[in-house]
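Following the hints, put chain B in place on chain A, whose structure we already have.
Residue numbers (our numbering), protein chains in the order written: chain A, 1 to 906; chain B, 1 to 906.
Warning: the hint list may mix true and false statements.
Any copy, or any two copies together, can satisfy a pair, since identical chains are not distinguished.
[Said to hold, decoys possible] Capping the alpha-carbon separation at 30 Å, the derived lysine-lysine pairs in BS3-like fashion look like this: (1) 817 with 666; (2) 826 with 846; (3) 772 with 826; (4) 317 with 851; (5) 673 with 817; (6) 506 with 151; (7) 851 with 826; (8) 666 with 497; (9) 347 with 404; (10) 527 with 826; (11) 357 with 408; (12) 434 with 497; (13) 527 with 548; (14) 846 with 151; (15) 733 with 527.
Just so you know, these hints were derived from the structure itself, not from any lab.
Please read these numbers as outputs of a predicted model, since none were measured by experiment.
Protein chains: 2
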Amino acid sequence: MGQHVYLFGDGKADGTAQMRELLGGKGANLAEMARLGIPVPPGFTVTTEVCRYYHGHGGRYPAGLEEEVRAGIAHLEALTGRRFGDRRNPLLVSVRSGAPASMPGMMDTILNLGLTDAAVEGLAAQTSSRFARDAYRRLLAMYGSVVLGVKDEGEAGVDPFDAAMEELKAERGVDSDLDLTADDLAELIARYKALIARAGKVFPQDPWEQLWGAIGAVMRSWNNERAREYRRLNRIPDTLGTGVNVQAMVFGNLSANSGTGVMFTRDPATGENRLYGEYLLNAQGEDVVAGIRTPQPIAKAAKSDPSQVSLEEAMPKVYQELLRIRDRLERHYRDMQDIEFTIEEGKLYILQTRSGKRTGFAAVRIAVEMAEEGLITEDEAILRINPAEQLAQLLQPIFDPTEKANVKVIGKGLPAGPGAASGRMALTADRVVKLAEGGDPVVLVRHETSPDDIKGMAVAQGILTARGGLTSHAAVVARQIGKVAVVGCEALHIDYKAGQVTVGGKTIKEGDWISIDGTTGEVMAGKIPTVPSEVIQVLIERTLPPEKAPIYQLYAKLMAWADQRRRLGVRANADKPDQAAVALAFGAEGIGLCRTEHMFFGEGRIPYVQQAIVGTNPQEREQALRHLGAMQAEDFEGILRVMDGKPVIIRLLDPPMHEFLPQEEKDILALAKRFGVDPAELRARIESLHEFNPMLGHRGCRLGITHPDLYDMQVEAIFRAAAKLVREGLHPKPQVMVPLVGHVNEMRAVRERVDRIAREVMDEERIEIDYKVGTMVEVPRAALTADEIAEAAEFFSFGTNDLTQMTFGYSRDDAGKFIREYLERKILPEDPFETIDRAGVGELMKIAVEKGRSARPDISLGICGEHGGESHSVHFCHEIGLDYVSASPFRVPIARLAAAQAALAR
Amino acid sequence: MGQHVYLFGDGKADGTAQMRELLGGKGANLAEMARLGIPVPPGFTVTTEVCRYYHGHGGRYPAGLEEEVRAGIAHLEALTGRRFGDRRNPLLVSVRSGAPASMPGMMDTILNLGLTDAAVEGLAAQTSSRFARDAYRRLLAMYGSVVLGVKDEGEAGVDPFDAAMEELKAERGVDSDLDLTADDLAELIARYKALIARAGKVFPQDPWEQLWGAIGAVMRSWNNERAREYRRLNRIPDTLGTGVNVQAMVFGNLSANSGTGVMFTRDPATGENRLYGEYLLNAQGEDVVAGIRTPQPIAKAAKSDPSQVSLEEAMPKVYQELLRIRDRLERHYRDMQDIEFTIEEGKLYILQTRSGKRTGFAAVRIAVEMAEEGLITEDEAILRINPAEQLAQLLQPIFDPTEKANVKVIGKGLPAGPGAASGRMALTADRVVKLAEGGDPVVLVRHETSPDDIKGMAVAQGILTARGGLTSHAAVVARQIGKVAVVGCEALHIDYKAGQVTVGGKTIKEGDWISIDGTTGEVMAGKIPTVPSEVIQVLIERTLPPEKAPIYQLYAKLMAWADQRRRLGVRANADKPDQAAVALAFGAEGIGLCRTEHMFFGEGRIPYVQQAIVGTNPQEREQALRHLGAMQAEDFEGILRVMDGKPVIIRLLDPPMHEFLPQEEKDILALAKRFGVDPAELRARIESLHEFNPMLGHRGCRLGITHPDLYDMQVEAIFRAAAKLVREGLHPKPQVMVPLVGHVNEMRAVRERVDRIAREVMDEERIEIDYKVGTMVEVPRAALTADEIAEAAEFFSFGTNDLTQMTFGYSRDDAGKFIREYLERKILPEDPFETIDRAGVGELMKIAVEKGRSARPDISLGICGEHGGESHSVHFCHEIGLDYVSASPFRVPIARLAAAQAALAR
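Isolated chain A (complex conformation) (with noise of 0.2 Å):
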């Protein structure tokens, strides 16, 4: 290990903004400003090295760093003109975390340090005895909560400096901290100091003994449960630790002519290329935050009301000032900067710059406009977008905001299909499609989804379940139909007898409105106003003409050039004609997944499918299927009229035959009752279809293996409806899959009878029509042998839901009860449901790709499971090579932006 400790100020440092893996981001550009003539108070950081080594060595110190906090002490005292601990002149410092990776308020800060007995008098003499009194309560506050640990006894959740501070303004009668006196201040610290006694600690009056224990807080606050939690939200490593970052203080609160603020160097609401923020004269950073005055606005011009005093009025010159500042640090960093500022005095000080957190509106108007601007590449640009994060707001109705601020949020769940939704609450599918005649939204509200329930949720504006994570049926579908969804909001008590809800002690009955939040994840009663998203209403709706659409012309400019620069093509999962048009609109090159069994749910079907299943009269059978086919036919047809010219992949069936049978008593009946048959011999057929690991059972090819009639239906369906579209001049390119595949066997099995039906429609028709004949990849074993299988097959879609399932050996349906726990516990870096696991599966993909293209070279590559929405596994499957990948229709745009990402990452 070097240097422990480096030192900024005076427009000199030891450190620059590149050294943010050492310094940390706060540390680094603190030094990187100091050395840009900024003026930072002066200050030094402590490296994260020795955090690393501090929780390395059971809360040891590597040697020499002692010697080295000394020397940046002495380097404040140099720059100030004060001295650490001494009683006239007191040097005080706050002590700050700050990590490589932003993580806003989650570890601890120490202000006003420093200050003891005997040096609160010489600040009192240098400033006055409130604001000294003031500064000491502040600090023997935070010291004892953070560092001595002094908890609330009573009540929970309770601070009890807080409490302390309430009771004395209640006992003096006053509303606001502002107005308690030096001798009620005088008072508290009295107080507060008893609290720390009481609590069995000390308050030291030795400076460095204060300084060690800010220091060692600091660093173990890396370790407290909300900065981990929000390292696994994040995906930031736990490895990096945090630096110490400590500064000469400069007070706001010191005067009138003194005060503090942050600034945006752009909306980052709006992204607006305008100075944007707020600040209190005569205050403290805390109080901004802290939101017990109301801030003022920067700018003149942002002012929304004539009795705001704009800091631009109040103090001209500093405001010039930060404008400078402003452009400064903005084309310094090339990036939009959150900035916190303080005025002590008429004289501004910076204390912190950093890349602002943004909206997605807000991301995308930034990341275009600095390219035009040429302040940044296009290149840059395109990478600055979180594709799923915000990329996707773009494209989601919102609720109206301002009339989202007066609703309360009764309970909260998983946030699954973003966007926004309010509707009348349903219970039940029939009941979601039945309220909907009357015109109104609905949301439908279930315990959770299954596929019954997908006509419901087809016609829902949105889903709410009570169980269920981001992978479950609910969230699954939501995502593919674009729907808003908040998934497993264990606060729901749904009564599907007396038809209501409970939540967060409010009863919604089934008729009332109900709102969710799909980004938030929020649920609200009541009915809020939402609006479509303006990329949305060019697109899709056509209701506004792109030139009046100034979010639209972003969203295209930054599609376009993400179009230039990527490799891997983009399809999309759709199932009927709709969906495949707007995955078409939003840019998708072909369907890369249609699902068939979604079609034999549809209206007035699932009948011809129970025939076809448990029919016992063989005529009868052939003709279902014969019913079936012809309905088949036309779903094709749509969709492959929709997507001329492009591929169309058709899965053939794939769920096992129970999953379209019933299996309550009384459906049985009825069932036995409409095809004549023996009610025992009904139920003993559906039994026998009972399978213990139906994940692991008699379906996808090996049902069309053994039961060949459906699949030759489906197959002559689709290539019934190509040929209708040849002969009227168009070019459908069918590309039809078999699902399950795990030994070359079953593909040349299918493959034989798809050719031989193709080969008759064709020669009947007397045409030729583009299609291929491919497979899922899921199984591992199709992965494992995957020349072999190429043999036979035209092209491979991984399907990673399923490969997931089999390599892990999790089943999705019952693995929530410990993957949530290995999620928290590390077991699992990440959910691998939500992104592709490398190692594992991804390893199998590889494996697949590389002896697939050996067996045949002009092999079409892609992927169709979950993962191809998701940015990370974009980015996989851009390094290992595949062709395309497919995602549903709302996640194409995300797909496109995730895919010349990868194209431009090294």
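Relative to chain A, chain B alone:
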């Protein structure tokens, strides 16, 4: 393609014994015998290549074949002085199949070919009217059914030609066809012709047309149903094809000075080194095989009854020549031979020689004795024994002699397949299959068996026939597939219609129990308990001194030779001390898998297990765990004591918790009452444990990680048990195995606890224990990331049962529904749960071996799935470099032999 037809005869031949692939076994050996100067009737062989061409080209023959066949017939004419189709001196030929792999009786044969209405008169003039007409009626019947496909119209399963014969015999009031006169045979010929005409067919009067018809029929018979089934059972590739052997006829039925027989160079039942065989005077070969007349012994010493006439007595010169040929052929082929011969007017002809099928007893004895005689090497002796089918017979139980002494022997036949079988009686193959579904063993009883019965014979425990000798179909097949068999029990009266059998005055109905002793030939009514084999009595029960156990002696010699040669270690899967003791006696070098959950189901333990799982009172739960821990420590102590000094791999709890809980309402109520909990609560808890796909659910280390107290209890029990033994001066070697690991972090998490508990116990007891911690490799991801996992695991044990389930995506509980069909349709070449699937599962194993060793060069690698005791899989384990296989105790000898064979295989 080169030469299509290979000639032999007169001490010369185109082919050799090495040309088995091209000429088939029969053709190659006929050529070889001709070269050796053994008297074989001259002939020629059409190659298997022609058969393959025929099937690949829609039944056409390759160019040039016709000329070569004509030349072949000319060769026969030259050597015999007869002419094909001649009226006065006709050349008659046999047309027989002969595949590279032995498929006895599976394909078709035509004899006496070349006879026509005209030629039969010429033959009559040379021999007798009766003989000529008998030959002609045989040709008509064979040709009619085999080539022309004339089938019965009435009663199923009865050959119409047989029926016509029976009818005529009844009309004439005779019992045997030998009693039919020449005139009767003329009448029969007329009736046969009428039968053929009624079927719309014509028997060709052109011998060339007959010949081509017969050649085509033999080639087509390669693909008949029973041949395909036989190949499937015996893993013979469908692509081989059969040769066709056309040979000059010789007649064993020409006179009383003629005959036919079958000879084994050693006893095929016991392996004893003596000529063994049967013959019939004045008969054709098919009469011996069909078992219509019971044959006489060849050697005088083999007479079981003074009324018999041995060949040694009847034709001493021929007998002497047979002895010379026996010696010549066995020394030449260096294996026990099965020789068919015919005597025509006192002249001996050899029609076929091949390696003789033999029982497991005979196989071991012959191999060991030939090695001791110096005829073969010890390596060859080892390679000659099929471990699963032959060696395993030495371990099969025999009837309990005291029990058997109380049972009356009601019939006696020839001991054709040693061993003891008690089972429910079935009179048809279909009935065997149906009865076997009930779970009880089944004994098939038939007049005689035919290839159509193979499926039933494969399922049956034992086979009993009323007719036929030791070389009959039933005897040959039974020996080959290792079934207990008694044949030729003439006292047996079978009434197929009534579904019953009468023997020795006792009537037994289908479904009743019957017992047969294949070592003595005895038949008994009812069920008789069995006792262990000689090897078991010596090794396990120690009730028989080795010196009094000749079969054990052979076994021990063979095993000693095998152990000198194998590289693979052999361990056993055993859960209890008594099982471990058996394994040890069979030569196990350790325990490869001790399943702790089996112990959980032990007497009186389940309540504690249930309490530990669903108990709500923490103290009671802990107490239950302590109880279980104490009991498990005893379990482990027992098994570690038995296996002292040898590794014992103990797998931590694997099944999901719901397996230990009741599902029935009344059991739930009882449990709730016992624990004093609310039944509704308990029911809810049990329901919450329900899984859609338990195979892929919350079990194995997933449970160990989320509920660590069960694993902690088991681990402590292991080390407490080991510590006790160490203090006694023993050397226990416990190896803790973590199940279902898919991610290295799972391994790390469990291992950390194991190591900690081990340390605590060792410190507390002040001893050191030689232990290891490793994992099952049963999840595909574990194999794919074996390098990571090996960092934390000291050994891998391939759990190929689960690995196969997940790699194929087959649930063993459900896959029966389609796997059977897949095997029948050759979608799967073999059942992957029986034999390791090399291309898929095997590929994963190879990856794991390579990656595991790369990360930890001294890692110990083994297998503990069912495959560990299956020969083909043991070969594979040897090839990929595993360190050991682990098999169930009774399969340990099989694994030892298979491991030696693998080491000897090039």
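So, going through the hints one by one against the coordinates:
1. 817 with 666: Intra 32 Å, inter 27 Å, cutoff 30 Å: inter-copy only.
2. 826 with 846: Both: 25 Å inside a chain and 29 Å across chains, each within 30 Å.
3. 772 with 826: between (43 Å within a copy, 25 Å between copies)
4. 317 with 851: neither (69 Å within a copy, 68 Å between copies)
5. 673 with 817: between (40 Å within a copy, 28 Å between copies)
6. 506 with 151: neither (33 Å within a copy, 81 Å between copies)
7. 851 with 826: between (33 Å within a copy, 24 Å between copies)
8. 666 with 497: both (18 Å within a copy, 28 Å between copies)
9. 347 with 404: neither (40 Å within a copy, 111 Å between copies)
10. 527 with 826: Answer is neither: 39 Å inside a copy and 60 Å across each miss the 30 Å cutoff.
11. 357 with 408: Answer is within; shortest intra-copy Cα gap is 26 Å, inter-copy 86 Å.
12. 434 with 497: within (17 Å within a copy, 49 Å between copies)
13. 527 with 548: within (29 Å within a copy, 93 Å between copies)
14. 846 with 151: Neither, since 53 Å and 57 Å both go past 30 Å.
15. 733 with 527: Cα proximity of residue 733 and residue 527: none, with 44 Å in one copy and 68 Å across.
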